[in-house]
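Listed in order, the protein sequences are those of chains G and S.
Those letters in the first sequence? Residues 1 to 139, by my numbering.
Those letters in the second sequence? Residues 1001 to 1139, by my numbering.
Careful: at least some of the hints might be erroneous.
[As the list claims (entries may be wrong)] Okay, derived cross-link-like pairs now, SDA-like style, lysine to any residue, Cα gap no bigger than 25 angstroms in a straight line:
(1) Lys1022/S to Met1/G
(2) Lys22/G to Leu1005/S
(3) Lys86/G to Lys1022/S
(4) Lys1036/S to Arg100/G
(5) Lys1022/S to Arg100/G
(6) Lys22/G to Met1008/S
(7) Lys36/G to Gln1003/S
(8) Lys1036/S to Asn135/G
(9) Lys1036/S to Leu124/G
(10) Lys1086/S to Leu1005/S
(11) Lys1022/S to Gln3/G
(12) Lys1022/S to Gln119/G
[Stated by the list, open to error] Pairwise CB distance ranges, derived in the manner of DEER restraints:
(13) Ala1127/S to His91/G: 26 to 36 angstroms
(14) Gly1092/S to Gly37/G: 22 to 32 angstroms
(15) Asn1135/S to Ser12/G: 17 to 27 angstroms
(16) Met133/G to Asp1083/S: 49 to 59 angstroms
These are computed hints drawn from the structure, not numbers from a lab.
Just so it is clear, CB atoms sit at the ideal spot from N, CA and C, and this is done for glycine as well.
Number of protein chains: 2
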Amino acid sequence: MTQYLHTMIRVSSLEDTIEFFKVLGLHEFRRRPDEKGRYTNVFLAAPGQEDAAVELTYNWDPEPYTGGRNFGHLAYAVENIYDTCKAFMAHGVTINRPPRDGRMAFVRTPDGISIEILQAGDALPPAEPWTSMSNTGAW
Amino acid sequence: MTQYLHTMIRVSSLEDTIEFFKVLGLHEFRRRPDEKGRYTNVFLAAPGQEDAAVELTYNWDPEPYTGGRNFGHLAYAVENIYDTCKAFMAHGVTINRPPRDGRMAFVRTPDGISIEILQAGDALPPAEPWTSMSNTGAW
Chain G
1 MTQYLHTMIR VSSLEDTIEF FKVLGLHEFR RRPDEKGRYT NVFLAAPGQE DAAVELTYNW
61 DPEPYTGGRN FGHLAYAVEN IYDTCKAFMA HGVTINRPPR DGRMAFVRTP DGISIEILQA
121 GDALPPAEPW TSMSNTGAW
Chain S
1001 MTQYLHTMIR VSSLEDTIEF FKVLGLHEFR RRPDEKGRYT NVFLAAPGQE DAAVELTYNW
1061 DPEPYTGGRN FGHLAYAVEN IYDTCKAFMA HGVTINRPPR DGRMAFVRTP DGISIEILQA
1121 GDALPPAEPW TSMSNTGAW
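Next comes chain G alone, as it looks inside the complex:
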């Protein structure tokens, strides 16, 4: 039986990326430095969901990490989309697509990976400052 394990993304800073995903509610549950391959893998997941992880690959010899159009985004449901977006803003993260509808928002990781944030269950009632907030950039 086939089983999904993880999505791997390359990161230019483990610290910055782990901090970003912590705001979203993910935690680190495995770390493996590879001296020979000169990289470190860190696995992050939502609580209890370690079988559907994000694998971060940090190459010790840095390279620029540009994006492509074939990959879209990673999507997560959160308990309160306004609280999550507020927490991202407090960390200096731009809300590319604010949750004007109380249901959906988009942000980007420090290396430009698009993250879709969805309100778990029903949409929240529209509320400021989100209702008046414009889109920024692409996602």
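Once you have looked at the hints, place chain S on chain G.
Positioned in the frame of chain G, the structure of chain S alone reads:
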């Protein structure tokens, strides 16, 4: 509580991409055409794992889908890595990184999304034709 939902990729052909993922053992469980947005979303998952899906986005107005380095791959465990790679070859898919070690292989979707295939449980004993098969391209 935060929950991972899906990874979204953009595809230039729904049929070709669904066929590709079928070889891997995934099935379609939801489809939503959006007349206004001019796109169709299709959700695929491994059996019983619909809470960790791949979302395909097919834009009705096509665009070229190039890759970027910030996204790495999607990883799946399979029951028999040799059978899966044989099935991919029968579908004309290049095994970019053959399972010479009986444990790990890489292929690419029709739009160049890298897929890591891992043998569930212990590695299989090394076997031909894989042992003698060279890498092809990048993954």
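(Q) Could you work out which of the previously given hints the structure breaks and list their numbers from low to high? (A) 3, 5, 7, 10, 12 and 13
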